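Peer 1: One-letter residues, chain by chain:
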Amino acid sequence: MQATNRTPDLSISRSRLLSLVAQGIGELERYSRFVAGWDGYSGEPISPVAIATAENLIETLAEMKGSEQLIDIIPGPAPDGSLDVELRTEKRRLIVTIYPGNAPNDVEIRTFRTDSVTSEEKNDLGADALVDDVRWLLA
Amino acid sequence: MLWSTTFVGSWLRRRYEASWRLIGQIPDSAILWRAIRPDQIYRDGTIKPSFFRDRRGNYSCDLALFSTREKSRRGYAQPPAWNPDEAGLIEFKAGDVRQANTDVVHAPIRNERTINYSHAQFSRELSGEEERAMAAGAVVVIPPRKP
Chain A
1 MQATNRTPDL
11 SISRSRLLSL
21 VAQGIGELER
31 YSRFVAGWDG
41 YSGEPISPVA
51 IATAENLIET
61 LAEMKGSEQL
71 IDIIPGPAPD
81 GSLDVELRTE
91 KRRLIVTIYP
101 GNAPNDVEIR
111 TFRTDSVTSE
121 EKNDLGADAL
131 VDDVRWLLA
Chain B
1 MLWSTTFVGS
11 WLRRRYEASW
21 RLIGQIPDSA
31 ILWRAIRPDQ
41 IYRDGTIKPS
51 FFRDRRGNYS
61 CDLALFSTRE
71 KSRRGYAQPP
81 AWNPDEAGLI
91 EFKAGDVRQA
101 NTDVVHAPIR
111 NERTINYSHA
121 QFSRELSGEE
131 ERAMAAGAVV
141 VIPPRKP
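Going line by line, the protein sequences match chains A and B.
For the first sequence, the residue numbers in this note's numbering are 1 to 139.
For the second sequence, the residue numbers in this note's numbering are 1 to 147.
Don't take every hint at face value.
Unchecked claim - Using 30 angstroms as the maximum straight-line C-alpha spacing, the simulated DSS-like pairs for lysine-lysine come out as follows:
1) A:91 with A:65
2) B:93 with B:71
3) B:146 with B:71
4) A:91 with B:146
5) A:122 with A:65
6) A:122 with B:93
Unchecked claim - Selected chain A positions facing chain B (in silico; Cβ < 8 angstroms):
7) 26
8) 27
9) 30
10) 36
11) 37
12) 38
13) 74
14) 76
15) 77
16) 78
17) 80
18) 82
19) 83
20) 110
21) 112
22) 121
Hints were generated in silico from the structure; no laboratory data involved.
Model, not experiment: these values are computed from the prediction.
Even for Gly, the Cβ is constructed at its ideal location relative to N, Cα and C.
This is chain B alone, in the form it adopts within the complex:
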């Protein structure tokens, strides 16, 4: 029910967020968003593989049903460490992450600069091949703007 787009689903999500409750299992169909800068995209509008690289593990993204396009595009950090007016938005699914042999888990952030209940992260870093596959499969829903 939590992932349903009905009234009950949205009501449940509000309850979860209000109590800062950790979400146990993210379904394959769950949509994930991540902001993108102009430097992370090729001239033809496709995504550079380095966009999906994070050796530290914990690659960040947002659970779309718990965020808004505008919040995820501009980022949750206040003040932002970049120019959010340039940012675009990338979309992929939890199932895509699992096809890349990793997992995505809910990891809400609450600190002095960032409050982001929708935050999720990959369980491990991707290999080069997995980065390229994710970059090829992800969708640019809002293109970044050149400064």
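So that you can see chain A by itself, here it is in the shape it has in the complex:
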């Protein structure tokens, strides 16, 4: 039997996290098949760059310190071709909204974070500010 330095609890948390990641990415893959009018009206196909960014965010998140605290990863599609990735821990909630950017292969990021005390919304975030929000979620 191979030796491991992980406790059983950590292994369970890790496998639960990987399951959340797989579910989140699976849902994003469904969005990539949406065609114009997917919402019954004039819904835009979900932006491929927004989907790729969301997948990257989820995969990166899974490797971050404290990521075992995540209890849910919930993508959400919008009629304008943008999408949300909602991340939840027991105490905190972060919604990352990803719009296709003005330039090809660029995105625009908005976040909304909330816990029992505060709520804060930020627009047009850079990568550093997004990482700060994710660290806040996992702190």
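Got chain A; can you put chain B on it based on the hints?
Peer 2: What follows is chain B alone, placed relative to chain A:
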């Protein structure tokens, strides 16, 4: 009278629709419907805020008194660009839209794929806070079905 649920109201609505007449003012009490997919709802049955997002402005919905639950749930486009068998239906009021600091106006659609006299649209996009407020206040009248 146009918004009355009496015989005269329904008669007037038929006349309006037959002449494709644009409705000037939608009262706060008017019920609005919009179809919803399974992907747009949380596991607990509440609505994701992204359901109410449309940066293009012109967020679509239907005036309930000029539609039917089944038509609005399945969508008016022919052929549909989705699986309408999975669709559910969300309900909110014109007054809710105005409380979110926008307006809703009648905007009937008649093109090669869609004929929808009941179609209405928001006057501008909602902010994140307004999306969340609309999602929290709207009612799921027919839950979508998981495929």
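Peer 1: Run every hint past the structure and note whether it holds.
Peer 2: Consistency of the hints with the structure:
1. A:91 with A:65: Given that 30 angstroms is the threshold and the Cα spacing comes to 16 angstroms, the pair holds.
2. B:93 with B:71: With a Cα-Cα distance of about 18 angstroms, the restraint between residue 93 (chain B) and residue 71 (chain B) holds, given a limit of 30 angstroms.
3. B:146 with B:71: holds (19 angstroms)
4. A:91 with B:146: The hint holds at about 29 angstroms.
5. A:122 with A:65: holds (23 angstroms)
6. A:122 with B:93: holds (29 angstroms)
7. 26: violated (11 angstroms)
8. 27: This interface hint holds because 7 angstroms falls under the 8 angstroms limit.
9. 30: It holds, given that the least Cβ distance between residue 30 (chain A) and chain B is near 7 angstroms, below 8 angstroms.
10. 36: Given a least distance of 6 angstroms, the restraint on residue 36 (chain A) holds.
11. 37: holds (3 angstroms)
12. 38: holds (5 angstroms)
13. 74: Holds: closest Cβ of chain B sits about 7 angstroms from residue 74 (chain A), inside 8 angstroms.
14. 76: holds (4 angstroms)
15. 77: holds (6 angstroms)
16. 78: holds (4 angstroms)
17. 80: It holds, given that the least Cβ distance between residue 80 (chain A) and chain B is near 4 angstroms, below 8 angstroms.
18. 82: Status holds, d = 6 angstroms.
19. 83: holds (7 angstroms)
20. 110: For residue 110 (chain A), the interface hint holds, since the closest Cβ of chain B sits about 6 angstroms away, which is under 8 angstroms.
21. 112: holds (6 angstroms)
22. 121: holds (5 angstroms)
Hint 7 from the list above is the single one not met by this structure.
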